[in-house]
Amino acid sequence: MNQRIPVTELTSTFRERATGALADQQLRTNFRTAMDSLMQKRADAFPDEDEREGLRELGNRIKARALSQLPDLLEQLEANLTANGVKVHWAETTEEANQIVHSIIEARQGTQVVKGKSMVSEEMEMNEYLADRGIECLESDMGEYIVQLDHEKPSHIIMPAIHKNRHQVARLFHDKLGVDETDDVDELIQIGRRTLRRKFLEADVGVSGVNFAIAETGTLLLVENEGNGRMSTTAPPVHIAVTGIEKVVQNLRDVVPLLSLLTRSALGQPITTYVNMISSPRKPDELDGPEEVHLVLLDNGRSGAFADAQLRQTLNCIRCGACINHCPVYVRVGGHTYGEVYPGPIGKIITPHMVGLQKVPDHPSASSLCGACGEVCPVKIPIPEMLQRLRQENVKSPAEGPKVKDGGAKYSAKERLIWRVWKTLNTSPALYRLFLWGATRFRKLTPSNVGPWTENHTAPVPARRSLHDLARNHLSGNGSAKGGQ
Amino acid sequence: MSARNNILQKLRSGLVGTTPRPDDFDERLVTEPWQYNPDDRIRQLRTQMEAVHTELYQVTSQNWPEKVAEVLAARNLGNLLHAPGTEHGSQLAEYWQSSGQSVELLTYDRPIEEWKDELFWNVDASVTGTLGAIAATGSLVVWPDRMEPRLMSLLPPLHIALLKASEIEDNLYTFMKRNNWSAGMPTNLLLVSGPSKTADIEQVLAFGAHGPKELVVLILEDA
Ligand code: SF4
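For the protein sequence lines, the chains are S and H, in the order given.
Using the UniProt record's numbering, the letters of the first sequence correspond one by one to residues 1 to 485.
Using the UniProt record's numbering, the letters of the second sequence correspond one by one to residues 1 to 223.
These are computed hints drawn from the structure, not numbers from a lab.
One thing to keep in mind: the hints can contain errors.
Straight-line C-alpha distance at most 27 Å; calculated DSSO-like pairs for lysine-lysine [what the hints assert, rightly or not]:
#1 S:283 <-> H:116
#2 S:403 <-> S:423
#3 S:396 <-> H:10
#4 H:177 <-> S:283
#5 S:405 <-> H:10
#6 S:403 <-> H:10
#7 H:213 <-> S:176
#8 H:213 <-> S:380
#9 H:164 <-> H:177
Being a predicted model, the structure only gives us computed values, none of them experimental.
Can you make the complete structure from the sequences, with help from the hints?
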């Protein structure tokens, strides 16, 4: 059962992929084990409920405050970074962002790029873009490296290779790197360390993401455990950071609670091994660090979400992955079923703004609305509420002017008509009685095929006598109300 | 510049008629749960750091170089990167000479470009100072500079960090306040909470992913 889902070649729908994933016992075991452990770790990291709730409330306020003055903070960030010697670039689309990155690399005649973990670069499909232009772009986070080696996409935003077990990684390393097959995790990691260290040494450019961009001081803050982020941002002569425009916070002190929320929610760690704060390129008297530092600020649909006060809350997200870890749908279908960069609940609420509902029509409805995601979200995004809103936008007619990119993807005039008839029927007593009279008498005429319902159920047939009828009978004392079928 | 203008304009049109939210940062939430009396402070730091495989030793500001020699000898290492331009670096060098240590002392005294290969592959260990530490999360605060550049605490498989007992703060917030970071940040500022690690394969914890495999902290108390 080592079959993998090559996301890049996906032409199927969410439902089809979900059906495949559900039948893959190995995949389901890998996810179940991992998610159970991540949930437990988070719970252990927040032993005090009051402390946790106080911090979540503060996290929410900090993000809401930042968003309430987002354009000003972006300008302040730009001004301070520029004063520190960092070059700031803006991109509305992933294409533009790729062009910017490519031109920076070209100017240095670079051919090798080493990348720390960055979900925004996944959004951009930067690896593929640069490869097409003869530039090697290598992932250096162990999980990302494994996934890239197997020509896959990450299946989780924090743990990219969580869908694989050690045997699968052992075989992959054996096949691709020519090393002896070993099931020892320590040894596997050391193989990765040696291979990638050479790359860090040779790379012309290092690329990274950003966890928080601090407007007040012009600082880029990155968290990580492996040290690959520090390597990518220190060893090569050029560092390019790519990030979404929603990552900016107002003050340095704002990151104190956000950092705590992030690492505890994501991995149950009080803090990551490294918190790396970068404010400028190498200064004249310094002996290492990149000579050039660039920041690319990417929109890619975020301003669309921002335009609506309710949907704007989506941009609170600090990408901790807790909603994914707690999602009963994700744990069963796995990350690749979503077919896009961000899986799980956060994927369902952010992806429509990026790629449009037409491309991900099933995203808002692939949820039981159980509410677990909203309950654990460290910045209190009401994710179920966002999903319901997106469901509405998803069925709006063109005339109703959907507020989300490619909204109305699931609008059907027929379905709308049926609901209108249903509404009329249920709000007019006379019509309703007439309908009941007809339905109970001509019940044998109901169609045996009623769409998706009859795929898994027998067709509904109205009872011979309506409940009203039976109740009336019963109350008037007219005997032993035997009715029904 | 058009992308910039377009983005800013779109964002601004979404905010028409609104005002920025007030700054109601409640610092009690990030300080009160993380306060320790002086005796507990080191204990808290130790517990947190040992949980992620860091070795800590309490030594004095006089005898710590001996401990460095001992740590290196136990691992049979051949060389140590140090910074003779700093106070602690020169103290170490003096001890090295007077006690006739055989472990070779190296110095980061030229730009990385001039000795990248050597630094990447052939340095066994490094010893650096720290700005202090944070008890709550078990974190060292490292402020690299010309004397102790950024890669010095990252590339060697063993990193030995010197921490003055008096520089341990309760939590990140008080550390930040005390050092007035918001008034200006250096090129690079780091919180280091253990040796490099990963759990990317089956969530099994493995140390020495890309940075140091081992972190040794010497807590210096005034003798
Ligand atoms: S939506 Fe909330 S829980 Fe999900 S990744 Fe974002 S911050 Fe974390």
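Problem set entry | Violations among the numbered hints, reported as their numbers in ascending order | The structure breaks only hint 8.
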